[in-house]
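Residue numbers (our numbering), protein chains in the order written: chain A, 1 to 147; chain B, 148 to 294; chain C, 295 to 377; chain D, 378 to 460.
It should be emphasised that the hints constitute simulated quantities derived from the structure, not laboratory data. Yeah, the Cβ is synthetic: ideal placement off N, Cα and C, and Gly gets one too. Don't take every hint at face value.
[Said to hold, decoys possible] Facing chain B, a subset of chain D residues (Cβ under 7 Å, in silico):
1. Ala-384
2. Gln-436
3. Pro-456
One-letter residues, chain by chain:
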Amino acid sequence: MPRISVQEAIFDLAAESAALSAGRDDIGGIASFVGICRADDGITAMVLEHYPGMTEKALAGIAAEAERRWPLTGCTIIHRVGRLEPGAPIVLVLTASAHRSAALESCAFLIDWLKTGAPFWKREEFADGTTRWVEARAEDEAATSRW
Amino acid sequence: MPRISVQEAIFDLAAESAALSAGRDDIGGIASFVGICRADDGITAMVLEHYPGMTEKALAGIAAEAERRWPLTGCTIIHRVGRLEPGAPIVLVLTASAHRSAALESCAFLIDWLKTGAPFWKREEFADGTTRWVEARAEDEAATSRW
Amino acid sequence: MRILYFAWVRQKVGIAEEVLSPPAEVRDVAGLVQWLSARSPGHAEAFAQPRQIRAAVNQEFAQPDSPVAANDEIAFFPPVTGG
Amino acid sequence: MRILYFAWVRQKVGIAEEVLSPPAEVRDVAGLVQWLSARSPGHAEAFAQPRQIRAAVNQEFAQPDSPVAANDEIAFFPPVTGG
Numbered sequence: 001m002p003r004i005s006v007q008e009a010i011f012d013l014a015a016e017s018a019a020l021s022a023g024r025d026d027i028g029g030i031a032s033f034v035g036i037c038r039a040d041d042g043i044t045a046m047v048l049e050h051y052p053g054m055t056e057k058a059l060a061g062i063a064a065e066a067e068r069r070w071p072l073t074g075c076t077i078i079h080r081v082g083r084l085e086p087g088a089p090i091v092l093v094l095t096a097s098a099h100r101s102a103a104l105e106s107c108a109f110l111i112d113w114l115k116t117g118a119p120f121w122k123r124e125e126f127a128d129g130t131t132r133w134v135e136a137r138a139e140d141e142a143a144t145s146r147w
Numbered sequence: 148m149p150r151i152s153v154q155e156a157i158f159d160l161a162a163e164s165a166a167l168s169a170g171r172d173d174i175g176g177i178a179s180f181v182g183i184c185r186a187d188d189g190i191t192a193m194v195l196e197h198y199p200g201m202t203e204k205a206l207a208g209i210a211a212e213a214e215r216r217w218p219l220t221g222c223t224i225i226h227r228v229g230r231l232e233p234g235a236p237i238v239l240v241l242t243a244s245a246h247r248s249a250a251l252e253s254c255a256f257l258i259d260w261l262k263t264g265a266p267f268w269k270r271e272e273f274a275d276g277t278t279r280w281v282e283a284r285a286e287d288e289a290a291t292s293r294w
Numbered sequence: 295m296r297i298l299y300f301a302w303v304r305q306k307v308g309i310a311e312e313v314l315s316p317p318a319e320v321r322d323v324a325g326l327v328q329w330l331s332a333r334s335p336g337h338a339e340a341f342a343q344p345r346q347i348r349a350a351v352n353q354e355f356a357q358p359d360s361p362v363a364a365n366d367e368i369a370f371f372p373p374v375t376g377g
Numbered sequence: 378m379r380i381l382y383f384a385w386v387r388q389k390v391g392i393a394e395e396v397l398s399p400p401a402e403v404r405d406v407a408g409l410v411q412w413l414s415a416r417s418p419g420h421a422e423a424f425a426q427p428r429q430i431r432a433a434v435n436q437e438f439a440q441p442d443s444p445v446a447a448n449d450e451i452a453f454f455p456p457v458t459g460g
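Assemble the whole structure, with the sequences as input and the hints as a guide.
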């Protein structure tokens with residue numbers, strides 16, 4: 001059963017990773033990806049908005065698809081919302097499997113799909129007080145379509 | 148400059164990940180893979196031997212190759228040696244980059260190459276006192292050759 | 295019918311949510327967009343370029359020809375940018 | 378010439394390391410394997426199936442035709458199984 005969370009609070013990579021392997025001796029590898037807020041173009045903060053209710057359903061659906069495609073022993077997706085400053089972690093994906101390739105591939109799959117398949121929107125804030133909605137990128141669509 | 152370590156001690160995923168991003172605002176993602184000792188076929192422990200001197204050189208060479216192929220802001224490889232019981236973490240690979248695909252791909256590259264390109268040998272111990280050297284797997288060679 | 299707006303769609307419409315009863319001829323997402331566009335200058339501006347708008351019906355991504363019904367929850371928003 | 382053995386190659390040879398001076402006609406890894414095989418039954422058993430043995434010369438992976446010289450560090454071991 002995947003663990004899905006949409007939250008303002010920061011997440012704890014080590015605790016989340018430990019939770020996937022606790023008490024088990026059949027896991028060969030755990031892959032993770034942490035997405036972090038960059039300070040591109042003088043961004044002072046990123047405000048993340050989402051569609052409560054649909055977001056959790058979309059993330060659970062993406063996780064279920066990963067579990068259909070790879071033999072996972074566990075899967076965690078945590079996505080933060082609210083105001084995040086450069087350097088702050090935004091998203092955590094963790095996958096555990098008996099086999100490293102399943103863990104690595106499903107982790108990449110989840111982050112690629114999440115970018116185009118879950119209702120989050122980012123607004124960038126700049127030092128001069130202006131803000132700008134981030135536009136969807138064609139390369140994210142391309143990354144999703146390779147799966 | 149990649150961080151390379153061959154050690155008996157356990158490693159700290161959170162601390163190693165934090166070290167890659169500390170004080171920076173240009174990192175978009177950190178990918179990690181932790182390889183873990185499985186209890187396959189009644190293994191009670193795994194003893195890891197290596198070639199001191201050559202191992203560090205080989206790992207540094209693999210990390211340098213990853214840095215040539217992807218725009219990484221940081222890279223860490225920690226491989227444990229000695230006696231490890233099922234559930235124990237064996238190896239940690241961490242990669243950081245402005246872009247998620249670079250972090251994810253280089254992390255998979257490093258763990259695939261490490262399996263066939265660094266002088267480590269595993270001996271499995273069983274409950275009845277017998278031991279067995281792990282044989283190299285053709286699928287690891289195949290995983291390396293895709294890069 | 296409950297209508298939700300997110301991100302710059304919400305900003306242009308000027309509200310986050312409204313409960314409406316479109317006429318019977320509004321049968322799909324495209325029809326709803328057309329009907330909503332006539333409600334206010336803000337709605338008109340939000341839906342001025344329909345290709346930049348995505349929709350969900352009952353919290354599932356939808357297409358212009360996806361049917362909409364009286365008790366549905368319909369959301370309009372820009373292409374998603376999470377992760 | 379310093380010769381190192383690892384994993385089951387070390388176990389079969391019976392020692393981890395030895396310093397030797399092979400004759401001048403030993404010019405490459407394959408020649409060294411042949412010469413070492415005659416040193417003891419343990420050496421002979423370790424090198425009985427050369428295809429299962431890998432070598433390094435001065436801590437770089439080597440091939441059967443890689444040259445070896447007096448001051449080199451040569452290691453023999455099974456295919457690696459780390460990670």
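Status of the hints after comparison with the structure:
With 7 Å as the threshold, the beta carbon of D/Ala-384 comes within range of chain B, its nearest partner Cβ sitting at about 4 Å, so the hint holds. About 4 Å separates the beta-carbon of D/Gln-436 from the nearest beta-carbon of chain B, less than 7 Å, and the hint is met. Below 7 Å, beta-carbon pairs count as interface contacts, and D/Pro-456 has one with chain B at about 3 Å; its hint therefore holds.
The structure is consistent with each of the numbered hints, conforming to all of them.
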